[in-house]
Amino acid sequence: GQQVMQIPQYQHVQEGEDFTTYCNSSTTLSNIQWYKQRPGGHPVFLIQLVKSGEVKKQKRLTFQFGEAKKNSSLHITATQTTDVGTYFCAPRGEYGNKLVFGAGTILRVKS
Amino acid sequence: DTGVSQDPRHKITKRGQNVTFRCDPISEHNRLYWYRQTLGQGPEFLTYFQNEAQLEKSRLLSDRFSAERPKGSFSTLEIQRTEQGDSAMYLCASSSTRGWSEQYFGPGTRLTVT
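As they're listed, the protein sequences go chains H and B.
The numbers in the working numbering rise by one with no breaks, and the one at position 51 of the first sequence is 51.
The numbers in the working numbering rise by one with no breaks, and the one at position 57 of the second sequence is 57.
Any given hint could be a false lead.
Said to hold, decoys possible - Stretch by stretch, here's where chain H covers chain B in the computed footprint (C-beta under 8 Å, at least three residues):
#1 8-17
#2 67-75
Claimed, not checked - Ranges of calculated distance between the beta carbons of each label pair, as one might list FRET restraints:
#3 H/38 <-> B/97: 43 to 49 Å
#4 H/59 <-> B/73: 34 to 40 Å
#5 H/5 <-> B/17: 36 to 42 Å
#6 H/5 <-> B/20: 20 to 26 Å
#7 B/8 <-> H/39: 18 to 24 Å
#8 B/97 <-> H/18: 36 to 42 Å
#9 H/77 <-> B/57: 38 to 44 Å
#10 H/38 <-> B/85: 36 to 42 Å
#11 B/8 <-> H/12: 40 to 46 Å
#12 B/15 <-> H/39: 25 to 31 Å
#13 H/55 <-> B/12: 22 to 28 Å
#14 H/84 <-> B/27: 27 to 33 Å
What the hints assert, rightly or not - As a list, the in silico DSBU-like pairs of lysine-lysine whose alpha-carbon atoms are at most 30 Å apart:
#15 H/51 <-> B/11
#16 B/11 <-> B/71
#17 H/59 <-> H/70
#18 H/70 <-> B/57
#19 H/36 <-> H/56
#20 H/110 <-> H/51
#21 H/36 <-> H/51
#22 H/36 <-> B/11
#23 B/71 <-> H/70
Hints listed in this document are in silico derivations from the structure and should not be mistaken for laboratory results.
All residues carry an ideal CB built from backbone N, CA and C; glycine is no exception.
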């Protein structure tokens, strides 16, 4: 079945540093969604990427979809303590509308 | 509050007991999903409804698990003869049928099987 690998599993940064998490698939993805889950919370939708090479920005967050639609990345510029949480990529499943979540990247920010 | 709600938020049960969870989706959403999440992992898909029809069910889902959405609104997830391995957070999400619509998650029901 469709699976994605996320790297790194965990990153601890100093406040103000940048952060990037990568999502890689062995198969071509039709689209990919990104979610953030705060400690003790539930996943919250951030963005959806559909087109090859697509880049979308939300304030300090930049999302990218690879040209081959097999990988995606999320970059956070100048992290803040409010960025703490687990970031998941989730391509839409091969059949139907379910999401196939990666294992996530845990971000911790030292102030 | 017009978000997804789940009840109960926490459930502690003894092994072998049956449990039932409820999910109320966002009212205008006709797609409803159940996921299970264990510590350190991403949510794992269990099953999905469009209106009252259960359109997909994970092959990993044991026959002890059953879900319903009888009127196309709220949904229930029942686990029969619970096992310790069923301990997890059970998340419900809903979405509209528009294109690749994002999913809105509820707060989850944390199940502990002792």
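Tested hints:
no., hint, result
1, 8-17, "violated (count 0)"
2, 67-75, "violated (count 0)"
3, H/38 <-> B/97: 43 to 49 Å, "28 Å, violated"
4, H/59 <-> B/73: 34 to 40 Å, "36 Å, holds"
5, H/5 <-> B/17: 36 to 42 Å, "37 Å, holds"
6, H/5 <-> B/20: 20 to 26 Å, "35 Å, violated"
7, B/8 <-> H/39: 18 to 24 Å, "21 Å, holds"
8, B/97 <-> H/18: 36 to 42 Å, "38 Å, holds"
9, H/77 <-> B/57: 38 to 44 Å, "41 Å, holds"
10, H/38 <-> B/85: 36 to 42 Å, "26 Å, violated"
11, B/8 <-> H/12: 40 to 46 Å, "34 Å, violated"
12, B/15 <-> H/39: 25 to 31 Å, "29 Å, holds"
13, H/55 <-> B/12: 22 to 28 Å, "46 Å, violated"
14, H/84 <-> B/27: 27 to 33 Å, "32 Å, holds"
15, H/51 <-> B/11, "42 Å, violated"
16, B/11 <-> B/71, "25 Å, holds"
17, H/59 <-> H/70, "25 Å, holds"
18, H/70 <-> B/57, "25 Å, holds"
19, H/36 <-> H/56, "16 Å, holds"
20, H/110 <-> H/51, "35 Å, violated"
21, H/36 <-> H/51, "21 Å, holds"
22, H/36 <-> B/11, "25 Å, holds"
23, B/71 <-> H/70, "39 Å, violated"
Consistency note: the structure conflicts with the earlier hints numbered 1, 2, 3, 6, 10, 11, 13, 15, 20 and 23.
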